[in-house]
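A.B. asks: Residue-level listing of the chains:
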Amino acid sequence: MSRKQKKMLVRIIIAAVVFAAGLFIPETEETFSVLWFVRLAVFLGAYFAAGWDILWKAVRNIAHGQVFDENFLMAIASIGAMIIGEYSEGVAVMIFYQVGELFQSVAVGKSRKNISDMMDINPEYANVERDGEITEVEPDEVKVGETVVIKPGERVPLDGEVIFGASELNTAALTGESALRGVAVGDEVISGSVNTNGLLKIRVSKPYSDSTVSKILELVENSSDNKAKTENFITRFARVYTPIVVISALLLAVVPPLVIGLSSGMNGGLWNDWIYKALTFLVVSCPCALVISVPLSYFGGIGGASRHGIMIKGANYLEALAKAQTFVFDKTGTLTKGSFAVSEKCPQGISENELLSYCAAAEQISNHPIAVSIINAAKAFGGVPKADNAEEIAGFGVRAVIDGREIAVGNARLMEKIGAKITEQKSAGTIVHCAVDGKYCGYITVSDEVKENAKPALAELKRLGAERTVMLTGDRKITANAVAKAVGVDEVQSQLLPDGKVKAVEELYRDKLAGSTLAYVGDGMNDAPSLARADVGIAMGGLGSDAAIEAADIVLMNDNIENLPLAVRIARKTRHIVTENIVFALGVKLAVLVLTVFGLGNMWAAVFADVGVSVIAILNAMRCMSIK
Amino acid sequence: MKKTFKLIDLDCANCAAKMETAIKKIDGVTDASVSFMSQKMTIEADDARFDDIVREAVKVCKKVEPDCEIVVK
Chain A
16 MSRKQKKMLV RIIIAAVVFA AGLFIPETEE TFSVLWFVRL AVFLGAYFAA GWDILWKAVR
76 NIAHGQVFDE NFLMAIASIG AMIIGEYSEG VAVMIFYQVG ELFQSVAVGK SRKNISDMMD
136 INPEYANVER DGEITEVEPD EVKVGETVVI KPGERVPLDG EVIFGASELN TAALTGESAL
196 RGVAVGDEVI SGSVNTNGLL KIRVSKPYSD STVSKILELV ENSSDNKAKT ENFITRFARV
256 YTPIVVISAL LLAVVPPLVI GLSSGMNGGL WNDWIYKALT FLVVSCPCAL VISVPLSYFG
316 GIGGASRHGI MIKGANYLEA LAKAQTFVFD KTGTLTKGSF AVSEKCPQGI SENELLSYCA
376 AAEQISNHPI AVSIINAAKA FGGVPKADNA EEIAGFGVRA VIDGREIAVG NARLMEKIGA
436 KITEQKSAGT IVHCAVDGKY CGYITVSDEV KENAKPALAE LKRLGAERTV MLTGDRKITA
496 NAVAKAVGVD EVQSQLLPDG KVKAVEELYR DKLAGSTLAY VGDGMNDAPS LARADVGIAM
556 GGLGSDAAIE AADIVLMNDN IENLPLAVRI ARKTRHIVTE NIVFALGVKL AVLVLTVFGL
616 GNMWAAVFAD VGVSVIAILN AMRCMSIK
Chain B
2 MKKTFKLIDL DCANCAAKME TAIKKIDGVT DASVSFMSQK MTIEADDARF DDIVREAVKV
62 CKKVEPDCEI VVK
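These protein sequence lines are chains A and B, in that order. If you want the working numbering, it's the 1-based position in the first sequence plus 15. If you want the working numbering, it's the 1-based position in the second sequence plus 1.
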């Protein structure tokens with residue numbers, strides 16, 4: 016509790032004690048008797064102890080033209096209650112209002128702190144090595160190329176490269192990944208991660224303003240600017256809700272007593288009765304529960320997501336994700352690892368290992384990712400033989416001499432060129448043919464590996480009710496279909512030209528169900544237009560890729576596709592909690608208003624409908640932080 | 002120009018919403034956002050009159066919630 020809150024607590028306790036004492040003083044029939052005065056004095060004492068600041072604010076704000084100010088309404092309601100003789104009720108309403116407000120402020124403060132602690136990745140200082148001495152400076156004072164020393168337990172202040180030492184880094188605050196990341200000399204380290212065991216020296220590669228940590232902080236800090244539609248709606252609603260309830264209160268105070276009084280001739284107690292009802296209305300007229308719980312829920316949802324390494328740029332995106340029914344995926348780097356590996360070996364007349372080693376030997380002169388994958392596969396099987404006279408034939412493949420034999424490795428056109436007759440094949444992936452002394456010897460298929468968790472992730476999306484999952488790729492149809500089948504997407508569009516992806520996204524966008532949204536998931540490298548076109552652009556693997564952080568609305572920091580259904584679940588649950596809060600708050604308020612009109616409600620119920628509901632809504636909203 | 006200011010003692014969510022509405026009405030303001038949760042205010046307005054607009058924004062905020070302090074750096 017802050018000092019301000021503690022002071023309030025003391026005031027409330029004093030007021031409550033005095034109020035309790037007042038309740039022991041018997042009510043007297045005689046107005047202006049000594050006992051009557053004592054009782055009044057005690058209640059007024061309690062009243063002012065609890066609510067003097069409310070009264071003061073009411074006066075001050077009305078002077079500023081704030082008519083529907085909650086302090087003013089509270090003041091009118093409680094003073095009104097006392098004027099019509101309901102002393103204890105007037106005081107109690109004020110005390111409970113303050114208790115509720117205090118509780119609210121503590122709860123909001125606490126969740127605010129929880130969330131900001133969770134996002135606390137800001138390095139406070141950097142130990143920079145200058146002229147052989149280590150000085151502690153602000154991270155933004157360190158220049159590129161300087162050496163920074165990071166002791167165990169300290170946060171990496173700037174992005175850089177390790178030049179001394181080895182350690183393990185904890186990147187949990189950035190990626191939600193709890194496994195430690197081992198680093199040694201030559202490795203890149205990312206600011207915001209925490210050094211766990213060894214001393215590291217790094218050479219700074221980026222100024223603080225461009226480092227990962229400041230990019231993420233910027234993202235997190237701006238996220239509260241992008242308000243959800245629900246929040247804006249509730250704010251607009253609040254602007255009409257209060258005046259409507261206040262005007263109804265006025266009408267309630269005047270019209271029924273006049274009508275009933277004139278028609279029945281009755282009068283005794285009639286005015287007091289309806290004024291009391293009107294005052295009760297005033298207590299319910301504050302829209303606080305609604306106004307507070309919506310942004311708090313989204314704030315909590317965004318904070319909770321960040322703990323899993325899901326960075327969301329605003330409540331509006333969380334809201335849009337909750338409604339996503341069409342999920343469009345980029346293939347390479349999103350559903351597949353984006354790294355090639357030998358997936359199939361089909362030799363003809365030679366052994367599998369021979370085929371592999373011939374291909375690898377010839378490919379040695381190339382550094383193409385496909386060549387590298389073949390060489391790696393061969394190394395795993397006992398080494399790569401030496402090749403002589405290796406030459407690369409651009410657009411065809413490579414030729415080399417191995418053990419005196421003429422080897423040609425490359426595409427179908429190369430085989431045709433040297434007169435080797437290839438056999439029919441239906442493999443998905445990139446096919447590398449091999450001929451020995453002009454005779455066809457089979458082929459190797461190299462393909463991009465499907466991410467192990469892509470299939471379960473997509474299956475879960477389906478379970479969550481995703482209408483349509485589509486994969487877009489520039490790759491060959493046969494490869495695309497194989498990947499699509501392996502991961503289980505509904506549809507696939509292959510052989511797309513670079514601008515074809517955006518066009519495809521636009522078409523899907525037109526086809527989506529009314530009221531639903533379209534999410535595009537890409538690795539952020541060349542998907543920027545598609546990410547921007549979708550309702551929600553989700554980028555994979557934000558670490559180290561500034562483009563992804565900038566282009567997307569949601570970034571899955573740790574490159575784990577399984578975080579996608581998690582993000583959807585968080586979004587849905589948050590929306591659910593927001594709806595719950597709105598329905599609950601409005602429902603209780605409405606119920607109390609109706610009950611009051613029929614004489615069944617009282618000010619206690621009204622105070623509950625105001626601050627009690629706020630507190631419950633806040634507690635409910637705090638659940639958004641811990642969705643799993 | 003777009004600038005963010007820190008708010009101290011912004012105690013009520015409804016006041017934050019009222020401040021936002023009031024700031025948006027100031028002449029020259031293109032967009033404004035007051036976040037109760039992060040206790041921050043962002044104003045996007047004409048470059049030329051930015052300082053005047055900020056002063057005006059502080060004034061209208063004081064009207065809505067006199068206890069809330071806006072840190073203008």
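Incorrect hints may appear among the rest.
Restricting the straight-line Cα-Cα distance to at most 30 Å, the calculated cross-link-like pairs of lysine-lysine (DSSO-like) are [unchecked claim]: (1) A:19 x B:41; (2) B:4 x A:125; (3) B:63 x A:158; (4) A:244 x A:158; (5) A:221 x B:41; (6) A:401 x B:41; (7) A:432 x B:41; (8) A:338 x B:41; (9) A:588 x B:41; (10) A:527 x B:3; (11) B:63 x A:19; (12) B:4 x A:128; (13) A:221 x A:352; (14) A:22 x B:41; (15) A:470 x A:527; (16) A:352 x A:518; (17) B:7 x A:21; (18) B:25 x A:21; (19) A:21 x B:4; (20) A:22 x B:25; (21) A:244 x B:63; (22) A:125 x B:63; (23) A:394 x B:63.
Simulated restraints on C-beta separations [what the hints assert, rightly or not]: (24) A:21 x B:49: 45 to 51 Å; (25) A:541 x B:32: 27 to 33 Å; (26) B:32 x A:125: 29 to 35 Å; (27) A:531 x B:5: 29 to 35 Å; (28) A:32 x B:73: 40 to 46 Å; (29) A:132 x B:63: 28 to 34 Å; (30) A:541 x B:10: 44 to 50 Å; (31) B:63 x A:531: 40 to 46 Å; (32) A:222 x B:29: 52 to 58 Å; (33) A:132 x B:29: 33 to 39 Å; (34) A:216 x B:48: 40 to 46 Å; (35) A:197 x B:48: 33 to 39 Å; (36) B:10 x A:598: 39 to 45 Å; (37) B:32 x A:21: 51 to 57 Å.
Derived by calculation from the structure, the hints in this document are not laboratory data. Predicted model only: the values in this text are computed from it and were never measured. Ideal Cβ positions, reconstructed from N, Cα and C, are used throughout, including at glycine.
A.B. asks: Each hint: holds or not?
C.D. replies: Verification of the supplied hints:
1. A:19 x B:41: With Cα atoms ~20 Å apart, residue 19 (chain A) and residue 41 (chain B) stay inside 30 Å; holds.
2. B:4 x A:125: Distance of about 27 Å is within 30 Å: holds.
3. B:63 x A:158: Given pair residue 63 (chain B), residue 158 (chain A) is violated - Cα atoms ~41 Å apart, limit 30 Å.
4. A:244 x A:158: 42 Å, violated
5. A:221 x B:41: 28 Å, holds
6. A:401 x B:41: 66 Å, violated
7. A:432 x B:41: 69 Å, violated
8. A:338 x B:41: Within the cut-off at roughly 28 Å; holds.
9. A:588 x B:41: 26 Å, holds
10. A:527 x B:3: Violated, because 35 Å separates the two Cα atoms, which is more than 30 Å.
11. B:63 x A:19: 19 Å, holds
12. B:4 x A:128: 23 Å, holds
13. A:221 x A:352: 27 Å, holds
14. A:22 x B:41: Roughly 25 Å separates the two Cα atoms, so the pair holds.
15. A:470 x A:527: Holds. Residue 470 (chain A) to residue 527 (chain A) sits at ~23 Å (cutoff 30 Å).
16. A:352 x A:518: Judged against 30 Å, a Cα distance of about 25 Å means the pair holds.
17. B:7 x A:21: 24 Å, holds
18. B:25 x A:21: 35 Å, violated
19. A:21 x B:4: Violated, at roughly 34 Å.
20. A:22 x B:25: 35 Å, violated
21. A:244 x B:63: At roughly 27 Å apart (the allowed maximum being 30 Å), residue 63 (chain B) and residue 244 (chain A) satisfy the hint.
22. A:125 x B:63: 26 Å, holds
23. A:394 x B:63: 73 Å, violated
24. A:21 x B:49: 45 to 51 Å: For residue 21 (chain A) and residue 49 (chain B) the Cβ distance comes to about 46 Å; the hint holds.
25. A:541 x B:32: 27 to 33 Å: At 31 Å between Cβs, range holds.
26. B:32 x A:125: 29 to 35 Å: Holds: the Cβ-Cβ distance is about 31 Å, inside 29 to 35 Å.
27. A:531 x B:5: 29 to 35 Å: Holds, since residue 531 (chain A) and residue 5 (chain B) (Cβ atoms, about 33 Å apart) stay within the stated range.
28. A:32 x B:73: 40 to 46 Å: With a Cβ separation near 43 Å, residue 32 (chain A) and residue 73 (chain B) satisfy 40 to 46 Å, so the hint holds.
29. A:132 x B:63: 28 to 34 Å: Hint holds: Cβ distance 31 Å, inside 28 to 34 Å.
30. A:541 x B:10: 44 to 50 Å: Given about 47 Å between the Cβ atoms, the range holds.
31. B:63 x A:531: 40 to 46 Å: Roughly 44 Å apart at Cβ, these two residues keep to the hinted range, so it holds.
32. A:222 x B:29: 52 to 58 Å: 33 Å, violated
33. A:132 x B:29: 33 to 39 Å: 38 Å, holds
34. A:216 x B:48: 40 to 46 Å: About 44 Å separates the Cβ atoms of residue 216 (chain A) and residue 48 (chain B), which means 40 to 46 Å holds.
35. A:197 x B:48: 33 to 39 Å: 49 Å, violated
36. B:10 x A:598: 39 to 45 Å: 31 Å Cβ-Cβ, so the 39 to 45 Å window is violated.
37. B:32 x A:21: 51 to 57 Å: 38 Å, violated
Checked against the numbered hints listed earlier, the structure breaks hints 3, 4, 6, 7, 10, 18, 19, 20, 23, 32, 35, 36 and 37; every other hint is satisfied.
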